[in-house]
Amino acid sequence: MKDITVIIPLLENQLDSDELKNAVKSVDQCQEYYDGKLKILYVVPTPKEERHCNYTMFPTNRPISQQYIENDTGCYDYCSQINFGVKHVDTEYFSILEYDDYYTKKWFKMFNDYYVTNEDVSVFLPINIIHNAKTNEREFVNDIIWSSGFANELGMIDFDSLQQSGSFNLTGGIFKTSDWLGYKPSIKVAFNYEYLLRATNKEQKIFVVPKEGYHHEIFKDGSLSSYYLDNITNDDNMKWFELAKREYAFDEDRNKGIINIEEEKME
Amino acid sequence: MATKEEVLGRIENEISKLKNKKFNFFFFTVDSKNVPSGSVVYSYELALALHKLGYNVTMLYQLENEMNPKQKAKLIEKGSYDPMADNVFCGVGDWMGQEYADLPHLNIAKKDAWAASPADILFIPEAFAGLMSQTYVYKIPCQRYVLMYNFDYVTDMIPWGSSWLNFGIRDCITTTDLQAKLIQDVMPFVRTTVLNPYIPEYFRKPVKPKKLVVNVISKRQSDVKKLMKTFYWKYPVYKFVAFKDCRGLAREHYAEQLKDGAITVWIDTETPFGFGALEAMRCDNIVIGKIPENTQEWMVNESDELRDNVIWFDNMSDAPDILADVVGSWMQDEVPQLLYDEMEKTNNMYTKKEWDVNVENLANKMVETRITELEAFKTSIINNKEKKDEEK
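Protein chains in written order, with my numbering: chain E, 221 to 487; chain B, 323 to 714.
Derived by calculation from the structure, the hints in this document are not laboratory data.
Worth double-checking, as some hints may not be accurate.
[What the hints assert, rightly or not] In silico DSS-like cross-links for lysine-lysine, where the CA-CA straight-line distance does not exceed 25 Å:
no., chain 1, residue 1, chain 2, residue 2
1, B, 532, E, 425
2, E, 396, B, 400
3, B, 532, E, 329
4, E, 222, B, 530
5, E, 396, B, 533
[Claimed, not checked] Output of the computed footprint for chain E on chain B, the stretches with three or more beta carbons under 8 Å from beta carbons of chain E:
no., segment
6, 532–542
7, 563–571
By construction, the Cβ of each residue, glycine as well, lies at the ideal position given by its N, Cα and C atoms.
Given these sequences and hints, build the entire structure.
As structure tokens, then:
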């Protein structure tokens, strides 16, 4: 079984939170059902004040290596944090865990069940259970790829299926480190979608394991999704997706915001 | 008129045919017209097993004005050949496989097309009361066995007031103890031999992990529709769950479909054996099954209670709820281990190895019985002759 690094991107105020404790606990539980080694890589912004060595190592019941790395790039948005973290991954696969989310206890075992006959897959996504903090409702995401007739192959996200839906979530997913293409931090809202378009355009295989693997909280006060909900209009939301459809063909982040799209149209 | 010595010589010849596998096992069969059926499978499987044991096997069918090979070749050349046409014997090749289609077949519609000798053994499907009657009236000299797959079919075509006794039928090969009991309850004179069917080896655990696909095995399309629609209405959260209808598929294709899916809903309350559920279990599917009218040996434990190898339900309206529970458990990898353990035990039943041994024993028993009968006949002729000689 493969060793996997779990990247947890953090901001200063999240370092000692109960949510983070819970997220780490879920990794610990996963280790019980998974024979490969899981290790945690916390990505924190370079602190304003020196606090090296003061980082909390959360107690776990199984031996799990925990390491903090400080992002010194000056860019602390979600995408930049992940990009920074991946550069420090020394395992063949890694996964992304948000500090206020958690894995289901068998997610890594489930991944392995499907990995053994799908070694050429670049990204294994779980079916995520979304908790809407505002409405307290739960729903699935990534599940649509299993609907009859949606994709060319059941469970496999391909370029065609992305033309029909952009609502996929990559948190909890397990990525082959060598196939990682990097997020584009300039693309807001639709950065996951842009990543999937770029990856499938490069003929990478993205597979959704038909199992519940990850609990993802949305619209919680102070979260990125809540910020988007409050500050980005539906119209702008669509523009970000439109931008993703234009940018996926480029490997590098061209820093084209949605305002640029409008300007280009005007010209 | 033949002399007694000639008769004795003929009997000796028939016994020798039996001893040297020079006789024929005849199977009367119907044209399935590419519609898979358990009873056709049962008889073809038996025929093939006997053929592989070195016996002569011939499948008999009756088709007036059958298209001859030349006509067929012409139509194929023109591109207008229709294997489903009324004058074509379609056979089982497309859905059971070439090995079965290649067994010798004979159309007995034409006069004198077929002859049987006392050493031969004829299997007649349970529904064919007409054939039982004809072979009796015309004194076909061979030994006749009814091949009873489903007791329910026995009553379909038999005339009012008749029983197998009227057709001189006393022997029956059937699938389970329960089927044997059902026929003996109404026709106590019938000698039954139970030959359990087997589940072919291409129904097996797949190498690839399962897809979230629900297979539905039911003879009626209305059941399939009812299950799917009510499930989606009640559980819109599971709108992504794909269903596959397993009706009318070629056998190996059907096995592949079962292997692909994770869960099978099996609705066949009139089943005489429960092939569908067993095949699905072999393919590592969790089976949700409607309790059949007659429970089979593999369904119950020593106390006659339903076993935990299937998730059982009684009422069709409960099916969507149970399915939703199972989908949920499967997606969380929380299906109880007990179910898998019971499935494993069931999967060890009805194996090909067991079937091969049972068919060989059955064939030996039928041959020995026939030899004993012919020997007894021979002895009675000799005794009669001696008695008459003494009287003289």
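Right, here's what the structure says about each hint:
1. B:532 x E:425: OK: residue 532 of chain B and residue 425 of chain E at ~18 Å, within 25 Å.
2. E:396 x B:400: Not OK: residue 396 of chain E and residue 400 of chain B at ~56 Å, beyond 25 Å, violated.
3. B:532 x E:329: holds, 14 Å
4. E:222 x B:530: The given pair, whose Cα atoms are some 19 Å apart, holds under the 25 Å limit.
5. E:396 x B:533: holds, 22 Å
6. 532–542: Contact hint for the segment 532–542 of chain B vs chain E: holds, 4 residues under 8 Å.
7. 563–571: That given contact holds, which follows from 3 residues of the segment 563–571 of chain B lying within Cβ reach (below 8 Å) of chain E.
Consistency note: the structure conflicts with earlier hint 2 alone.
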